[in-house]
Amino acid sequence: MKTDVSQFSLEGQVALVTGGSRGIGEATAIAFAKAGADVAVSSRKLPDLEKVAAEIRKIGRRALAVEAHIGRMDMLQPLVDRVVSEFGRIDILVNNAGTNFFMPAMEMTEKGWDSVLNLDLKGLFFLSQAVARQMIKQGTGGKIVNISSVSGFRVQVPTGHYSIAKAGVIMATKVMALEWSKYNIRANCIAPGAIETKLYDSIFSVLPPDQAKANKEAAAKRIPMGRAGEPKELADAVLFLASNASSYITGQAFAVDGGSLLV
Amino acid sequence: MKIDVSQFSVEGKVALVTGGSRGIGEASALALAKAGADVVVTSRKLPDLERVAGEVRKTGRKALAIEAHIGRIEVLQPLVDRIMKEFGRLDILVNNAGMGFAIPAIEMTEKAWDSVMNLDLKGLFFLSQAAARIMKEKGGGRIINIASVDAYKVEVPLGHYSIAKAGVVMATQVMALEWVKYNIRVNCIAPGAVETRLYDSHFDDLPPDQAKARKEMAARRIPVGHIGQPQEIANAVLYLASDASSYVTGQTVVADGGSLLL
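Listed in order, the protein sequences are those of chains A and B.
Letter 3 of the first sequence, counting from 1, is numbered 3 in the numbering used here, and no numbers are missing.
Letter 184 of the second sequence, counting from 1, is numbered 184 in the numbering used here, and no numbers are missing.
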């Protein structure tokens, strides 16, 4: 007998995934395509985006690669316009683009603050607004999935700007969910823990290679599941929140972290 | 081209759903069956359970109906033993059996307290322990607890229910942390208003017209504009039971149409 899990399908829908050239964004774009969506991917790295777009087309869905820096407010509307001009609509937005680096609070510079806050929080909010306006025009609702971090729940030292931005993302999710529910727009949030991505690696890259490796292994041992997560494990959570299976869920954030918040 | 969302399948698994005769339990049993699991349903109402088991078999999966009161600790081990005898395995436990009724805190009796605590929290914990002992031997498993938004926001006058449900959220974290080493993942769903007999029972003391009007008013206050359907909770259960949630443990997902945002 056939297994029926069609409530998780995205057939016929159009999604935009930011930070879509690698890591969680890439895995999400692929999972979405397998689930039946056409996918636009955006980031600052067009060659990497084109690779992901090609993977999507191999699956049999339509794809679009658009170069854009989500930390630049003047690029957001053109990005949305480009996706709409190509696909005619946007049903799902995954706000995954984000950046992070070490900077103790005592040494925080305005430049350091702005580079993280503009991308991880301000750009996330204003892109969501631009896409929501498009969804309102379309009249059939939509789904927004924000990628926060366990650092949004619990202070991570010394990445204060990141923790603050990610906590802001959790609250932004609730704001969007409450203010836009009347347009049948659902907004939810995932808080990843340690995930095997270039961003995660970059945190250790300030150390010499041996020490970086040892520190990564020690960090993994501290996680109850004993390992970092795979981007696909994040992508599946995003797919759940983007699909009709989560139709009664809005304004929520949950962690995909192998239990790290428990310790 | 074919849609592939196979990460949400539970093919070949055996699931136990408590409170499986109606509402969220029934919907969860059916969603798990459609996703490929054989399902055992339990509650205090055998005729209703047999009906649900019949629906599960129609999907092509095996089903078993067992009468048991999860609030009675002595029936929990026999329940699990019976499942092992019939199926030889237990992969998924959905702790959905629960009850609540209005009783102001100033009037709370020990009997009322015990009736809710024994089922909603104590029985949930000890059934999970019995299941975990099997899952530990078999190499892993999944436990999904059904709490409530009342775990986060006081529901007056359902003090015992709010307290029990807050306990369920913490029990989820306890079990998740202590049993992760056995490859057992434990998560929780906190439903808001869902169209079930339990929800309806809150309006029982009103005349039918007034109950209907009150229910409609309550629905309009929910950000998504309607109360939830059992199927919507069942879909979240399936996500947490499947490999799609392989890196998720100790979490509570609120499914309430946005009501906690208000």
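Just so you know, the hints here were simulated from the structure itself, not pulled from any lab data.
Cβ coordinates follow ideal geometry from the N, Cα and C atoms, glycine included.
Accuracy of the hints is not assured; some may be wrong.
[Stated by the list, open to error] Distance windows between CB atoms, simulated: (1) B/D204 to A/S202: 34 to 42 angstroms; (2) B/R82 to A/P209: 36 to 44 angstroms; (3) B/I73 to A/G12: 32 to 40 angstroms; (4) A/R133 to B/M217: 28 to 36 angstroms; (5) A/G12 to B/E11: 42 to 50 angstroms; (6) A/G12 to B/L262: 31 to 39 angstroms; (7) A/V155 to B/L262: 39 to 47 angstroms.
Inset, instruction - Can you let me know if the beta-carbon spacing of B/I73 and A/G12 is within 32 to 40 angstroms? - result: violated, 50 angstroms
Inset, instruction - State, for the Cβ atoms of A/G12 and B/E11, whether the hinted interval 42 to 50 angstroms holds or is violated. - result: violated, 26 angstroms
Inset, instruction - May I ask you to test the hint 36 to 44 angstroms on the CB atoms belonging to B/R82 and A/P209? - result: violated, 56 angstroms
Inset, instruction - With respect to the beta-carbon atoms only, verify the hint that A/V155 and B/L262 lie 39 to 47 angstroms apart. - result: Cβ of A/V155 to Cβ of B/L262: about 28 angstroms, so the range 39 to 47 angstroms is violated.
Legend entry - Satisfaction of the hinted span 31 to 39 angstroms by the C-beta atoms belonging to A/G12 and B/L262: holds, 33 angstroms
Inset, instruction - Given the hint of 28 to 36 angstroms, check if A/R133 and B/M217 actually sit that far apart at their C-beta atoms. - result: The hinted range 28 to 36 angstroms holds for A/R133 and B/M217, with Cβ atoms some 31 angstroms apart.
Inset, instruction - Take a look at whether the Cβ-Cβ distance between B/D204 and A/S202 falls inside 34 to 42 angstroms. - result: Taking Cβ atoms as reference, B/D204 and A/S202 lie about 58 angstroms apart, which means the hint is violated.
Checked against the numbered hints above, the structure breaks hints 1, 2, 3, 5, 7 and satisfies the rest.
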